[in-house]
Amino acid sequence: MEEFTIPPPRTNYLNAEYGIKSWLLTKDHKRIALLYLGSVSFFFLIGSLYAMAIRLELLTPQGDLTQSSTYNKIFTQHGIIMVFFFLIPAIPATLGNFLVPMMIGAKDLAFPRINLLSWYIYMAGGIITIYALLAGGVDTGWTFYTPYSTTFSNSYVLTTGVGIFITGFSSILTGLNFIVTIHTMRAPGMTWYRLPLFIWAHYATSLIMILGTPVIAITVLLLAFERLAHIGIFDPAAGGDPVLFQHLFWFYSHPAVYIMVLPAMGVVSELIANFSRKNVFGYKFVAFSSLAIAVFGFLVWGHHLFVASQSVYAGMIFSFLSFAVAIPSAIKVFNWTATLYKGSISYDTPMLYGLGFIGLFTIGGMTGMFLAALATDVHLSDTYFIVAHFHYIMVGGTLLAYLGGLHYWWPKISGRMYPEGWGRFSALVVFVGFNLTFSPQFVLGYMGMPRRYHTYPADMVSWQVLHVLSTAGASILGVGLLIPLIYLAWSLRYGRIAESNPWHLPGLEWQTPSPPPTENFLETPIVTSEPYDFAPEGTERTVVGKFEKQAPAQT
Amino acid sequence: MQSWFPFIPESASTLSGDVDAVYFYVSGVTVFFVTLISLVVIFFVIRYRRRNAFEIPRPIEGSHKLEMLWSVIPLVIAMSIFVWGAKVYFAQYRPPQNALEVYVVGKQWMWKFQHPTGQREINELHVPVGRKVKLIMTTEDVIHDVFIPAFRIKMDVVPGKYTSEWFEATKPGRYHFFCAEYCGMNHSGMRGYIEVMEPKDFDNWLSGNANQMSPAAAGQAMFESLGCVSCHGANAEGGRGPALLGVYGSNVVLSNGPAVKADEGYLRESIINPQAKIVTGFGPIMPSFQGQLTEEQLLGLVAYIKSLSTPKPETPTAKPPATGTPPSANPVQPR
Numbered sequence: 001m002e003e004f005t006i007p008p009p010r011t012n013y014l015n016a017e018y019g020i021k022s023w024l025l026t027k028d029h030k031r032i033a034l035l036y037l038g039s040v041s042f043f044f045l046i047g048s049l050y051a052m053a054i055r056l057e058l059l060t061p062q063g064d065l066t067q068s069s070t071y072n073k074i075f076t077q078h079g080i081i082m083v084f085f086f087l088i089p090a091i092p093a094t095l096g097n098f099l100v101p102m103m104i105g106a107k108d109l110a111f112p113r114i115n116l117l118s119w120y121i122y123m124a125g126g127i128i129t130i131y132a133l134l135a136g137g138v139d140t141g142w143t144f145y146t147p148y149s150t151t152f153s154n155s156y157v158l159t160t161g162v163g164i165f166i167t168g169f170s171s172i173l174t175g176l177n178f179i180v181t182i183h184t185m186r187a188p189g190m191t192w193y194r195l196p197l198f199i200w201a202h203y204a205t206s207l208i209m210i211l212g213t214p215v216i217a218i219t220v221l222l223l224a225f226e227r228l229a230h231i232g233i234f235d236p237a238a239g240g241d242p243v244l245f246q247h248l249f250w251f252y253s254h255p256a257v258y259i260m261v262l263p264a265m266g267v268v269s270e271l272i273a274n275f276s277r278k279n280v281f282g283y284k285f286v287a288f289s290s291l292a293i294a295v296f297g298f299l300v301w302g303h304h305l306f307v308a309s310q311s312v313y314a315g316m317i318f319s320f321l322s323f324a325v326a327i328p329s330a331i332k333v334f335n336w337t338a339t340l341y342k343g344s345i346s347y348d349t350p351m352l353y354g355l356g357f358i359g360l361f362t363i364g365g366m367t368g369m370f371l372a373a374l375a376t377d378v379h380l381s382d383t384y385f386i387v388a389h390f391h392y393i394m395v396g397g398t399l400l401a402y403l404g405g406l407h408y409w410w411p412k413i414s415g416r417m418y419p420e421g422w423g424r425f426s427a428l429v430v431f432v433g434f435n436l437t438f439s440p441q442f443v444l445g446y447m448g449m450p451r452r453y454h455t456y457p458a459d460m461v462s463w464q465v466l467h468v469l470s471t472a473g474a475s476i477l478g479v480g481l482l483i484p485l486i487y488l489a490w491s492l493r494y495g496r497i498a499e500s501n502p503w504h505l506p507g508l509e510w511q512t513p514s515p516p517p518t519e520n521f522l523e524t525p526i527v528t529s530e531p532y533d534f535a536p537e538g539t540e541r542t543v544v545g546k547f548e549k550q551a552p553a554q555t
Numbered sequence: 001m002q003s004w005f006p007f008i009p010e011s012a013s014t015l016s017g018d019v020d021a022v023y024f025y026v027s028g029v030t031v032f033f034v035t036l037i038s039l040v041v042i043f044f045v046i047r048y049r050r051r052n053a054f055e056i057p058r059p060i061e062g063s064h065k066l067e068m069l070w071s072v073i074p075l076v077i078a079m080s081i082f083v084w085g086a087k088v089y090f091a092q093y094r095p096p097q098n099a100l101e102v103y104v105v106g107k108q109w110m111w112k113f114q115h116p117t118g119q120r121e122i123n124e125l126h127v128p129v130g131r132k133v134k135l136i137m138t139t140e141d142v143i144h145d146v147f148i149p150a151f152r153i154k155m156d157v158v159p160g161k162y163t164s165e166w167f168e169a170t171k172p173g174r175y176h177f178f179c180a181e182y183c184g185m186n187h188s189g190m191r192g193y194i195e196v197m198e199p200k201d202f203d204n205w206l207s208g209n210a211n212q213m214s215p216a217a218a219g220q221a222m223f224e225s226l227g228c229v230s231c232h233g234a235n236a237e238g239g240r241g242p243a244l245l246g247v248y249g250s251n252v253v254l255s256n257g258p259a260v261k262a263d264e265g266y267l268r269e270s271i272i273n274p275q276a277k278i279v280t281g282f283g284p285i286m287p288s289f290q291g292q293l294t295e296e297q298l299l300g301l302v303a304y305i306k307s308l309s310t311p312k313p314e315t316p317t318a319k320p321p322a323t324g325t326p327p328s329a330n331p332v333q334p335r
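These protein sequence lines map, in sequence, to chains A and B.
Using my numbering, the letters of the first sequence correspond one by one to residues 1 to 555.
Using my numbering, the letters of the second sequence correspond one by one to residues 1 to 335.
These aren't lab readings, by the way, just hints derived from the structure by calculation.
Treat the hints with care, since some could be wrong.
Some chain A residues judged to face chain B by a derived CB distance under 8 Å, without partners named [what the hints assert, rightly or not]:
1) SER153
2) THR184
3) ALA187
4) THR191
5) TYR193
6) ARG194
7) LEU195
8) PHE285
9) PHE288
10) VAL307
11) ALA308
12) VAL312
13) VAL333
14) ILE345
Here a beta-carbon is modelled for each residue, glycine too, at the ideal position from N, C-alpha and C.
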């Protein structure tokens, strides 16, 4: 089908320099993205091992695999590793780092050194946290609720806290870099409304990173002071309030959910538009709904405290605002669906992940209604219903989008194609395994099974049935995640050489060789058309010298 | 124990049906929208699959009408859920009148209950069917939570204050309750049973275990032994300190102006941290009892002060444990 293929350029960002120093001291956003890709994958692997241990333990009502104290450390560390070291950096620091400059036609991020610094900070925090896990672990739950974390826990709370405190700064620096880059380094002609939605989503995410992350830093610092010096801020005996910690913690940690899911929404907007060869339906609504989510996301933290002795009236206000924040997400789902209408939809692996995201994110979002509604939240909070809900958002949402994005941009990143058949197969396995893992947990939660339980009553036969289903699903999910790990690694050496634009797309990142040269573009691109413009009328739409012309529409 | 369909929890309180109604409404909305979106997506994906590698569809900009439609409809549905959920929640948390008040103290990793008539229980609570029961709860260490799935209620138990929840059981039976706020090593072992009994059986059970001092009586003894009488008066009629007769439930005017309602939390604070809210006309002379009283002793003092305002409960108190066999042995333990 191709008239000609561009041979891989002699030098690209991967072979421009060799040696360990050329990687560890690189200022190239693409190489830094790969550093992040490697480290994020490493942390994901550790977090997944913990998840396997949890699922195995819950096969039976008794605690027969581990001690309670060990189990408590396992779920705590699963949460900490997955949230702070995988979900938050996964998409922005890898795909975002690689693509934000490329999509806006820039040579690099605004502050390349700060970008490298952010990776070192992330690794420093990560290594300290890993040290805490190896030294003896931490057992407070990833939420660190006081006074358990300040006074009663005998585990490595402080060390872990230091790790999280440090890592937060990497997120602030990434956010700062993205905002400045998007404001100042867009290519000529790249107006705000010509930005791909991936960029809008990362812009909104960056706002939360900059405004929210300092709050978790302060909170962890107060926790450390309280634990070390007993300053009394969270201790009622000294005039403090343990619930204050929960307010501070969720003031960051609820917006942090949007740090995890907004970039995923950006990826999915790209996947849906590009693999149906359509511009996104209601572009401005999708773009501004990202900003709306970023802003309203700061006003709903209190819905984590409906049963934490917060006042009834505060509960009502937070419930109301939580329903309001659901609307921008609903708008996105409807617009993605409408984008498919009269499109030319391909069934390539990235699109399968994108479509899977729509379904699972819809379920995740809708089940959030149960938790925003006061009456049902009282029954469901701190049960497996919540566990299922946020895994639908974070695994069904963020992880699926991350995998979809990784496959989509893999030819650009690596210069190689992944095996399409295996890709589709594993996408299907992940989808089935995921649903089997987490849908039984909705029922478990409604039945009353509390979260963070090492053992459960043996007379609840239906609970065990549901746990067995969930563990079976997790095994399938594990296989589904292992397959891409193997074939992506395989493709680095044996995959078919990728063309510069294997999907035949108009985005700027595809108008340059794969893998791109260090400076991204051979000459500065000039943007003259709207985003997702597949067939501009009578124009040479791109700008970069070596561009394969799109075939004209057939009908 | 199990209902006809083993994946629906037992529903055994006056409000559990209301919660389920909201639950089923939201479930219906969820199933409807998930099905709708899935079907539309699947239909589009099949109908508009790529048939020709070179086809390029006509771009569609969007539609303000559609955007309005799919913003307003979800908003209206969301608000309906909000209003209904808030209404039921309000009923769940409005403290009932004339409830049987049970004091609950959580500690790592056990639950201690005390009935107003003095009976103590551990990890098990006997209550009568058809009567409102209010749990007044606190903890000696970390945050815990009393979660009774069959009654659809849950409330954190927070150090330094009293929280409460209430229920009226509708069916006799034995229901699980759980600690639902992670509290350390043996968190998942911090669970027990609510034993709901016919009122007659409950009275039998009470009288079979009536050899203990009621919290109010214990509080009165402490009121004397701690020297409270020297300022508040031998009969709590007042002196250098304010009178405590009738103070519970009244509005107390403070020396710095505002008035507060004297509830359990206020009474507790005034013992632990007397300088926080000083009654107008009195000096800041009361010493703090911070660290000198266990949560149970504090609850006793609070119960005594409350008893100075409310008529004594008519439930039997000091009958000898002769009549009938209690349906379940009552564990009496020192801690």
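How the hints compare with the structure:
| no. | hint | in the structure |
| --- | --- | --- |
| 1 | SER153 | holds, 7 Å |
| 2 | THR184 | violated, 29 Å |
| 3 | ALA187 | violated, 22 Å |
| 4 | THR191 | violated, 16 Å |
| 5 | TYR193 | violated, 12 Å |
| 6 | ARG194 | violated, 14 Å |
| 7 | LEU195 | violated, 16 Å |
| 8 | PHE285 | holds, 5 Å |
| 9 | PHE288 | violated, 11 Å |
| 10 | VAL307 | holds, 5 Å |
| 11 | ALA308 | holds, 5 Å |
| 12 | VAL312 | holds, 5 Å |
| 13 | VAL333 | holds, 6 Å |
| 14 | ILE345 | holds, 5 Å |
Going down the numbered hints, you'll see the structure goes against 2, 3, 4, 5, 6, 7 and 9, while the others check out.
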